[in-house]
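**Q** These protein sequence lines are chains W and P, in that order. Here the first sequence is numbered in my numbering, starting from 12 and rising by one per residue. Here the second sequence is numbered in my numbering, starting from 12 and rising by one per residue.
No lab work stands behind these hints, which were simulated from the structure alone. Treat the hints loosely; a few may be bogus.
Quick partial rundown of chain W residues pointing at chain P, CB under 7 Å, derived from the structure [said to hold, decoys possible]: (1) 25; (2) 144; (3) 145; (4) 180; (5) 184; (6) 198; (7) 199; (8) 245; (9) 257.
Fair warning: this is a prediction, and the values are worked out from it, not measured in the lab. Each residue gets a CB set at the ideal place from its N, CA and C atoms; glycine is no exception.
Protein chains: 2
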Amino acid sequence: MKILLTNDDGINSEGIYSLYGQAKKLGDVTIVAPDAEQSAVGHAITLSQPLRVKEIMRNRHFYGYAVNGTPADCVKLGVRAILKSKPDIIVSGINLGPNLGTDVIYSGTVSAATEGTILGIPSFAISLVTYKNPDYEYAASFARRLIRLIARQGLPQDTLLNVNVPAVPKDKIKGVKITHQSKSRFIEVFDKRKDPRERTYYWLTGEMSRMEGDGEADDVAVKENYISITPIHFDMTDYGYLGELKKWLTLL
Amino acid sequence: MKILLTNDDGINSEGIYSLYGQAKKLGDVTIVAPDAEQSAVGHAITLSQPLRVKEIMRNRHFYGYAVNGTPADCVKLGVRAILKSKPDIIVSGINLGPNLGTDVIYSGTVSAATEGTILGIPSFAISLVTYKNPDYEYAASFARRLIRLIARQGLPQDTLLNVNVPAVPKDKIKGVKITHQSKSRFIEVFDKRKDPRERTYYWLTGEMSRMEGDGEADDVAVKENYISITPIHFDMTDYGYLGELKKWLTLL
């Protein structure tokens, strides 16, 4: 099995290294990842500057390819220019921090898996729900099981999986839930400051606002110590509103 | 009516200037737009550097606020830090070039309108389907009519509109079609080159691959000289696949 790994925390992050260790047990693994952290880049691609690829060593062996671009760039370049043949599966992660609720649209981790799906390759994103003292071991072994299952079961042509693993000891994890994206979102506050030259600047800050969600919402599942798997697609048409909107045609 | 305008081509683009001219006929208009072109940034937000705001003059009058960030940053900063009160509507555009099919996920123009919707403000994105010799006049007057209609009709809480206007003379436009996002997509090719120091670099290039679409697909409508309006939402859950995926639970 040929496995392509990427992420948005950058090639030097420990999350992708843990994933690499587990994925290697299943087949031939190639890493193509950003040379620096690319969090919150959403589905950005790089059009205005050329992309460069650098071969990275780790523990005295070739480890992977670092790209001066976004996660979506890495997947495009990996599949179209670096790999000799199409990978069987693409895994993006393990991300340091959750990718849940409305925030999924900002996620570089998820966008890499989306890009893989667009390219016709079964893909998933995997995130560990913590920002500090991450222990990726359990999430990485779960990723390995999921890779094996997807290799056997396949995925629909336009669907990827968004996986979030609670950061609790293995024996506290209650199981897996198939979930939908919740409406929870980040409520931003801008921290207004003056620089040493008395010019104003702003830092984006804020906090998550948890919306009331049913037990099938991704963030609720994770809070209850379930691994959350959400099937995601990239046709964003609001089909439920098409009929209503057609009534506007006489008004325009 | 308070109208917030933004785009991804940057504050100095002619597309937003045309929109400004028409929007001013309806109310109080504020421009908060990127200080430079931000095409294909998707739904990126800026977390790793501070945002700065610059007041821009045009024709000797105050014109708008330029931000060193992405379209989504501009909307967040505009609503949360620059405007004294929430705008009634947000319009993103007029983009130079289409935002159709799968490529919508890369669109900074659409992401700005998505951000507006997340903030609870009715929003739409508008694009002119050409890359050269744009004449924004008709698209801008259509935007004005749409602003007025949305002010009257409202939009569902989680839905924005993605509008694409064919770049043909006004009398060639056949009308408006309510559409869905097509599966058409960009097929990328990397142009591999050597720099003067003999180091390899890649330019992302390629061409659109049009998929067979019905007459209700966004790209088909535009090709047939209709203005395309697609309702978009940002819950990307593939609800149709949830049931099937639940069968995996016994296998994991």
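**Q** Each hint needs a verdict: does it hold in this structure or not?
**A** Against the structure, the hints:
1. 25: 19 Å, violated
2. 144: Because about 21 Å separates residue 144(W) from the closest Cβ in chain P, which is outside the 7 Å limit, the hint is violated.
3. 145: 18 Å, violated
4. 180: Violated, because the Cβ-Cβ distance from residue 180(W) to chain P comes to roughly 19 Å (cut-off 7 Å).
5. 184: 12 Å, violated
6. 198: 9 Å, violated
7. 199: 5 Å, holds
8. 245: Holds. Min distance 5 Å.
9. 257: Given a least distance of 5 Å, the restraint on residue 257(W) holds.
Checked against the numbered hints given earlier, the structure breaks hints 1, 2, 3, 4, 5 and 6 and satisfies all the rest.
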